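S.K.: Heads up: the sequence lines are chains A and B, in that order.
Take the first sequence: its position 40, counted from the start at 1, is 40 in this note's numbering, and no numbers get skipped.
With positions in the second sequence counted from 1, the corresponding number in this note's numbering is that position plus 348.
Simulated from the structure, these hints should not be mistaken for lab results.
Please note: incorrect hints may appear among the correct ones.
Distance condition first, Cα-Cα at most 25 Å in a straight line; then the derived SDA-like pairs of lysine to any residue [as the list claims (entries may be wrong)]:
(1) K330(A) x L117(A)
(2) K321(A) x V304(A)
(3) K340(A) x A398(B)
(4) K142(A) x L493(B)
Owing to the predicted nature of the structure, the values given are computational and were not obtained by experimental measurement.
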Amino acid sequence: MSDMKLSRRSLVKLAGAGALALPALRRARAAEVLYINTWGGPWEEAAKAHLFAPFTQATGIEIRTISPVSFAKLAAQVRTGAYEFDVTTLGVAELGRASQANLVDKYDESKIPAASLWPGAVTLNGINSHAFANIITYRREKFPNGGPQTWADFWDTAKFPGPRCLQNYAGRVLAFALMADGVEPAKLFPYDLDRAFKSLDRIKKDIRVWWSQSPQSQQLIRDGEVDIIGMWNTSAQQLVDQHVPVELVFNQAVVDVATWVVARGTPRAKNAWRFIAFAVQPERLAGFAQQNNYGPMNPACFKVLPPDVVRRMPTSPENLKKAVLLDAEKLLPELDTMAKRFERWLSS
Amino acid sequence: MAVELTQNAHVAPLPGGRGFGALTRPPAVLIAPAALFLTAFFVVPLALVAWTSVSEPQLGFGNFRDFFTSGYDVAVLLRTLRTAAIVTVCSLLVAYPLAYVAARSSGFLGQALLAVVALSFWTSFLVRTYAWMVILGVKGPIAALAVAFGAPPPRLLFTTFAATLAMTHMLAPFMVLTLYAAMKRIEEVTMRAAASLGARPLRAFLAVYLPQSVPGIVSGSTLVFITSLGFYVTPQLIGSPQDKMIAGRIGQEIDQLLDFGAASATSLILLATAVALFVVYNRFFGLERIWR
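With these hints in hand, go ahead and build the complete structure from the sequences.
M.R.: Written out as structure tokens, the structure reads:
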């Protein structure tokens with residue numbers, strides 16, 4: 001009996017020691033690790049295939065992913081000095097706020113030589129990667145004679161009746177509101193806030209819900225909870241691929257850009273910049289963008305992509321002519337007021 | 349602080365040596381793990397939140413002043429309290445008859461009712477919120493019924509009604525279980541005595557049963573009210589855009605405004621509201637009764 005007890009105890013000890021040693025072993029095998037914040041789902045699949053795996057193969061640096069993308073976490077980790085991720089992507093408005101709050105590692109030529117980038121590649125210390133368009137999408141059967149083609153149409157509830165939905169996101173919605181009120185795309189920035197909110201007042205009662213997650217936007221239009229929606233071209237294209245009867249309108253699209261940034265103060269900054277330099281190279285970025293219908297920001301990508309794919313992308317020279325590119329630098333001073341005022345407007 | 353606690357646990361002299369003292373009062377060693385855990389994962393973080401609320405963006409009570417002087421934040425707080433009150437009353441109306449039947453019927457029916465309540469109790473809030481999205485949606489059973497009768501499908505989702513209904517469904521089990529526990533302690537003989545003294549069933553219920561179930565009503569209502577103060581996902585996903593509750597406001601202050609100071613202040617105000625309710629409850633009923 002006592003023998004058995006003894007052996008059981010030593011077994012437990014052995015297992016315990018093994019469990020303790022396991023992480024150490026893993027560390028020994030992959031000397032260097034980089035933690036990347038991802039959007040999960042199809043985004044991460046594409047990133048793994050075109051960016052992460054090739055990077056690990058080329059450099060030996062292992063990549064671990066953390067999702068979902070959390071802007072608040074970026075702020076929290078710079079405050080606390082505990083880094084859960086080293087690299088993340090930010091949209092234009094977040095990039096502006098991150099830059100105000102000093103959350104992002106500064107770019108200079110020693111990080112990535114300008115020769116390996118393209119003119120306009122760097123915005124507020126972030127490296128522009130890929131763009132997505134905020135577009136009008138409508139259910140075809142609700143508008144057999146053609147649906148809304150402009151934001152003014154979206155606002156016109158007499159001509160195009162039916163419940164609508166927009167994203168709960170001031171930076172993009174205010175651009176829609178101004179264009180609906182007749183502001184020319186070229187004169188959009190900085191936003192005329194009074195005019196924008198006046199325009200929003202006109203549509204408020206017809207917006208049944210304000211979506212906040214991309215799957216939510218897909219569900220709302222797929223189930224027919226709303227007839228018209230302002231959503232990302234990437235999620236809308238997925239609906240088309242699933243044979244949901246929706247029409248995508250690229251006219252007056254509001255294009256937002258995802259930029260790669262390095263969390264300020266992370267101990268793995270050097271490898272983080274190495275990864276970013278790798279991730280915006282034409283072939284890599286082209287493959288990643290194509291898989292999710294993003295528009296690559298590196299113009300060299302268009303040379304390696306087939307023309308019919310380029311035509312679907314929000315940053316193709318053709319589509320960009322009809323669209324508005326959000327201007328991070330011009331929006332910077334009003335980001336805070338804008339977000340606060342929008343929230344109040346929304347819940348009153 | 350944590351170190352201090354463990355040391356105390358070791359050196360605390362036991363009055364009366366190893367005699368009765370050690371047996372009659374709980375030794376500090378037994379409390380130490382819980383105390384350490386709470387210190388590390390509750391007291392310290394809470395103190396940090398309190399510190400953030402008065403130190404960011406600058407030292408002082410600016411965040412609290414902003415909260416109470418902006419009509420907006422106060423309105424959100426009042427709306428949260430009102431929603432919690434409505435949900436509490438609705439839960440009570442749903443739960444009381446159910447708990448009553450379950451407590452008074454011995455055997456299968458009572459067991460089955462409790463099982464149904466428990467099953468719903470164990471299902472995650474998020475899953476139940478999605479279930480309501482399906483039920484109330486334009487392709488859901490209610491809309492299908494309306495269409496079958498020739499009416500246009502009613503717009504039920506994204507309304508205050510939807511959020512209240514779903515929150516009531518989520519919190520009613522708390523009420524049922526608390527009421528059930530209180531009702532099980534009511535002696536059946538008192539009702540028989542009332543009947544034998546000539547009281548009709550309704551009179552017996554109102555004069556004898558209901559007063560005895562009041563502790564259960566108060567405990568259940570306190571639990572439901574305080575729990576609904578912190579609701580976040582449900583109003584966000586199926587409520588109307590105008591239905592923002594205070595937890596949603598805190599989320600927004602952190603996620604979109606990166607205003608940790610204001611978010612901490614709002615959190616403390618929510619906490620203070622909940623604590624105030626507990627204090628009132630404790631004053632009149634005693635906190636230890638809430639779980640019985």
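S.K.: For each hint, tell me whether it holds in the structure or not.
M.R.: Each hint, compared with the structure:
Pair hint K330(A) plus L117(A) holds up; C-alpha atoms about 23 Å apart against a cutoff of 25 Å. For the given pair, K321(A) sits about 21 Å from V304(A) by alpha-carbon distance, which is consistent with the 25 Å threshold. Using a Cα cut-off of 25 Å, the hinted pair K340(A) and A398(B) holds, with the two alpha carbons roughly 23 Å apart. The hinted pair formed by K142(A) and L493(B) meets the criterion: a straight-line CA distance of about 22 Å does not exceed 25 Å.
No hint from the list above goes unmet by this structure.
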